[in-house]
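Enquirer: Same order as they appear, the protein sequences are chains A and B. To convert, note that position 134 of the first sequence is 747 in our numbering; the numbers rise steadily by one, no gaps. To convert, note that position 13 of the second sequence is 20 in our numbering; the numbers rise steadily by one, no gaps.
I should point out that these hints are in silico values taken from the structure, not numbers from a laboratory. Each hint should be verified, as a subset may be incorrect.
Derived coverage of chain A by chain B (criterion: at least 3 residues anywhere in the stretch with Cβ under 8 Å from a Cβ of chain B; other residues may be distant) [claimed, not checked]:
#, stretch
1, 736-744
2, 756-769
3, 774-785
Note that CB positions come from ideal geometry on N, CA and C, so glycine has one too.
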Amino acid sequence: MEGQLIVTQQDALERASAEYVLAAEAEADDAYRLAGYILGDAAEAQDAVQEASIKAWRSWSSLRDRNSFGPWFQRIVVNVCRDRMRRHSTLRMVELDAAGEVETDDIFRRMVADDEVAGAVARLDREHRIVIVLRFWQDLALEQVADRLDLPVGTVKSRLHYALKALRTELRRSNDEA
Amino acid sequence: MRPDVPDDLELEQRCRDSVAGRRPNAPASLREFIRQVPTADALSATPGPLRLARAGERPRTRRGVTGIAAAAAIVLAIAGGAALFAVLDRRAESSPSAAASASYDFETGGWGWRRVGEPAPGAVAGIANGYLGECISNGLPAACTSKDGVSWALPADPAVLAVDGAAPFAGWSVAHGAAGWVATGTIDPGTWHSGDGVHWSAVAVDLPGLQRAQVQALTDGFAMVAQVYDGQQTAYPGQQTAYPGQQTTTKVFFSTDGAVWKPLDLAAGVTQPQPGGAIGLVATKGETVNGSQVSRVVSSSDGVSWTALTLPDGVMGLSSSIHLASGKYVAVGTKTWTYGAKTLLTSADGVIWQAGTAPSTWLDSLAVVGPHILAISVIPNTALPALWESTDGTTWRRIALLDGNPLSGTQLVALGDRVGLFTGSKLTVVGAPLPAGYPTSPPQPTSSPSTAASPTASPAPALVVGGWRWHAVNLVPDTSTAVVRVPNGYFGRCGTSMCTSPNGWSWHIPADPAIFATDGAALFSPLSVAHRPDGGYVVNAGEGVWYSLDGVLWKPATVPADPAGYRAVMYGASGFTLIGSPDDAIGGKSRLYTSPDGVAWTALGIGPMVGLLAQGDTSGGILDLTGKNSAGGAFGYSADGRTWVTATFPKNEYASTLPYRLADGSLVAQGGGGILRSTDGRSWVLLKTGWVATSIAVAGDRIVAIANGSGNVGTAWESSDHGATFHQLMAGANQVSQFGDLVLLRAGGAAYVGAPLSASEGPGTTPTATGLPGATPAPTPTTVPMPAGGISKDEAIRIATATIHPTPDELAKVSASAYLDSQYGRWIWGVSFLDYYGGPLNAQGKFVDIDFFTGEVLASGNWIS
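Pulled out of the complex, with its shape left as it was, chain A reads as follows:
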């Protein structure tokens, strides 16, 4: 009887593992881009998705509808990114030297350095940055953004409104400085 139980546990674990890997790998590209756009750094994005994938696996058993893995995983990625941004702001991590020319093969860093709008988005506060990334860079509908942020759609509309205003200010400021 005990032998049968062990086999059952292994079977269940293997099945869960296979399902998880299948689901997580399918979302890896989207999750990596999402994290990269939010964090503006490929290595940070990779770390964030690693962290999110562990969190997701730990909570895998609580996900009852496997078809909802994608949005669920993106929520985890957003939360991990948010934590990392806050952590870095607390620790005052040294940022990329804005004055120097960027020589990097990091596509996210290049994007921030080369593109005026992307650079301005990177300078927004984190909630504004996240909502713009989800809406315009990940091209999600407002309802989907609301789902990823666990916010009412009205709040997302409002936040997006202010995020765009802040972005406009940031662009204006960079224009003035130029």
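Based on the hints, put chain B in the right spot on chain A.
Expert: Quick look at chain B alone, frame taken from chain A:
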């Protein structure tokens, strides 16, 4: 507006363009990491971190194998039910929140629980003399019975289930109606009838290829909804019948007596029928509206006539409806955009449904036991499920975490006067409310509020700084909503409750009915508020529009549905005006609605585009981007929501807050580069301050503004001459915001509410010309004793552990303390896991901030000192 700064549409397009060509795929090393996550337990014997190849690797995140192994172990434990319980039972012994008693294996949250013995069933239904379950015998489903839900008999106890004939009973879906009992299941013969709920006979129903059938009691009989395989069937010798590659189809039968069943032809357009609980069958019905095909959710109590249901936005389906003794209905709604995520719905008539207030945004299961509504829903901001209880479907109390310590479960089943919890596919525990009920009163995070009638006078200690009196706030209502000033004080939303304050700084949950009252339970999130000078209030809330004729008793208003929602409510000479959100269907403009008193509203026409979601008192009007002109965005100002004038700003300026009206009638608003002021709403000037305001608020004739220095800590400035001059009020301030007619100040990690001293009050009434230096003593928070009714320290640590999964070493060095946190404005548990300690200024670890009452995880991350 400068031509090089784009308007909204251009800006959105530029946003989209900026990512073009920059859509990299995940690197191979990341994919490899993901593949290794579930199986990393095999590496747990290997010392050192899990190393993954990654180009340009930097010493950042390194996942210790123990962390990943722990994750795997969790899933392993969940997969192995018997082994799991052996482990969890040991943990339960030390759980202070789950005590055993003579009658129950353990008690928690006012409920007693008994573990279900083997053979535990996988499906349960109540019948006349007990409970019917689906157990497994020789690998096949078999009926088992129980008289108490806890001890099960296999084969079935004939006193509970007596079956005529030799056919194995296989009816797992049971319905009880005027004509007796019916049951259906999965194996032919799959339909059974009983007159007394004890003696059952098989009923002939032509259902070849039956996969699964469910029954539903209707007004004059029963409906059976069966999923059957169509097309050719393939039988495999020695195995259960299988039908590979075939599609299933739904067949519906009707019976008046439970014995004779006839196919039921559904009305035209009706598809996907399902048992819906108390409201009968639920289905979808396709219709053509204005030339477009739309699908509606419909219900039927007789299987013939169908009624279209009104569901909240974003809800595409409804199930498990329950008719409460109060006459209300509750049900589980399926959201559209979250792929099966569920939400709580309530209805007065079973036809028009509103979004209910679930414990969190994810609702897993719902059951009603007597007056108790039970739900499984995660702790907000975590993936940790919990069992919740409510008597009204609005205010929820957590009974227990479902983390296996000792309770776990994913599905509820109501069993008369008790409730069953399924873990995986087995009934594992049965619970009942303890006779004495839940012993403690509702959460009361504050000491008793002051009874002072005046909102600006308080017997509590106050600190006078620069002509202002400041009080530490014991609880700040949700910052995403507005605090509403009413005749007897203030009200707002505090988490899952409305809260009130007689003075603005001493807040109380639940709401004091002398300040805020409703007919029955109510919970809404005030966004904007408008009021008539002679009384009468209207609030535009996240959950609809509410009005009060006397400022105390609030009722939901009858407002025409605006497909885009509402942005603001205002008041003017012509009455109240409600402004809809911009709607592309009408060229991006906003619809307007009017009401003389806030009770009933009628459409007023179409106004300009109003994108601003107004938050707070709108008596100063609205200032917002209302359209575009050749130079870019065109701002408009309206004092009443009906009449709009073009607002002119200094070059490169715009408004980012509602205008606030000062005592002299002039208006101020925060702009992008400073403080804007206007006497008529048309022409706005930038006040000369010498610094940039990052936040402003007003009280009476005073303006308070924060100019940030470094590290988000700045200086508070004050003006008492309508912005002509500013004086330094205090250093070390972080932010001010409008708090009804008061000012909410955040400084030094605490929150304070302030109002100017009146002219008759003692020394210090005149704001100092040079302001208060940094040496001015910062306001000291009032010490408040720890309230009753919160989660235990042990539960807080378990929630934190489930959130960040600390290593065993970190878990061994965990600490937790409860305190009134000024940043959150509420009581929290601060849980800390120590990673490394090399002295007070050389330590690091992880933290989780948890709401003291709800268990919601407010924040988590790393700390360093």
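Enquirer: Tell me, which hint numbers fail for this structure?
Expert: As far as the earlier hints go, only 1 is violated by this structure.
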